[in-house]
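The task is simple: from the sequences and hints, build the whole structure.
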Amino acid sequence: RNAWWDLEGAHTFDTPVTTSEMLDLAHLSNWNLRMEVLDTGEYSDRTEYKVLRDNPFMSRIDRLGIVGTRYKMFSNEELFAFGDNLTNERRRWETAGSLSGGRTVFATLADTEDIVLDPNGAGDVIKKYLMLTTSHDGSGKIVAKKVNTRVECRNTLNIAMGENGAEFSIRHTQKLEGRLAE
Numbered sequence: 003r004n005a006w007w008d009l010e011g012a013h014t015f016d017t018p019v020t021t022s023e024m025l026d027l028a029h030l031s032n033w034n035l036r037m038e039v040l041d042t043g044e045y046s047d048r049t050e051y052k053v054l055r056d057n058p059f060m061s062r063i064d065r066l067g068i069v070g071t072r073y074k075m076f077s078n079e080e081l082f083a084f085g086d087n088l089t090n091e092r093r094r095w096e097t098a099g100s101l102s103g104g105r106t107v108f109a110t111l112a113d114t115e116d117i118v119l120d121p122n123g124a125g126d127v128i129k130k131y132l133m134l135t136t137s138h139d140g141s142g143k144i145v146a147k148k149v150n151t152r153v154e155c156r157n158t159l160n161i162a163m164g165e166n167g168a169e170f171s172i173r174h175t176q177k178l179e180g181r182l183a184e
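With this note's numbering, letter number 31 in the sequence shown gets 33, and the count goes up by one each step, no holes.
None of these hints come from the bench; they were simulated from the model. Treat the hints with care, as some may be off.
[Said to hold, decoys possible] Pairs of lysine-lysine, PhoX-like flavour, derived with a Cα cap of 20 Å: (1) Lys177 to Lys148; (2) Lys130 to Lys147; (3) Lys129 to Lys148; (4) Lys130 to Lys148; (5) Lys129 to Lys147.
Structure below.
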């Protein structure tokens, strides 16, 4: 188990852990994510919401962002359950964490089948991963993507997002449930 730099509870595991263990160990469980109406004053007829969470490290509530009326909440537990539905016993949780004060969450599932280049020679191994990420501040989508980069920090998340690989993304809107069911 390694804590990574200034990440909030990011961990990497070389032995299998359950989904609930990964959520707990990476400090991603029980955030109590919620939206509350933002008081925009008498000069605006636009409704906005602040996204809040219970901070797992301190006895305080963090404001993660400001979103509009179309924004649909997607919790860390829902992200991991989505990952579980995509695994069919061929992948295991390997990394997870949050960035930017909880605004971005990521997780990586390692595939049990690696790519071996020149198996009778150099035997170079390329690992395959399923990377999941979401944002809680309205700045990004829910993404599930096949990558060759093990996400452990902001830099590796950016590298993985830039890779060419099969990707499924869903915006945080009212159509979220329907897209997940697809």
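Going through the hints against the structure:
no., hint, verdict
1, Lys177 to Lys148, "violated, 23 Å"
2, Lys130 to Lys147, "holds, 11 Å"
3, Lys129 to Lys148, "holds, 11 Å"
4, Lys130 to Lys148, "holds, 7 Å"
5, Lys129 to Lys147, "holds, 14 Å"
Taken one by one, the earlier hints fail for this structure only at number 1.
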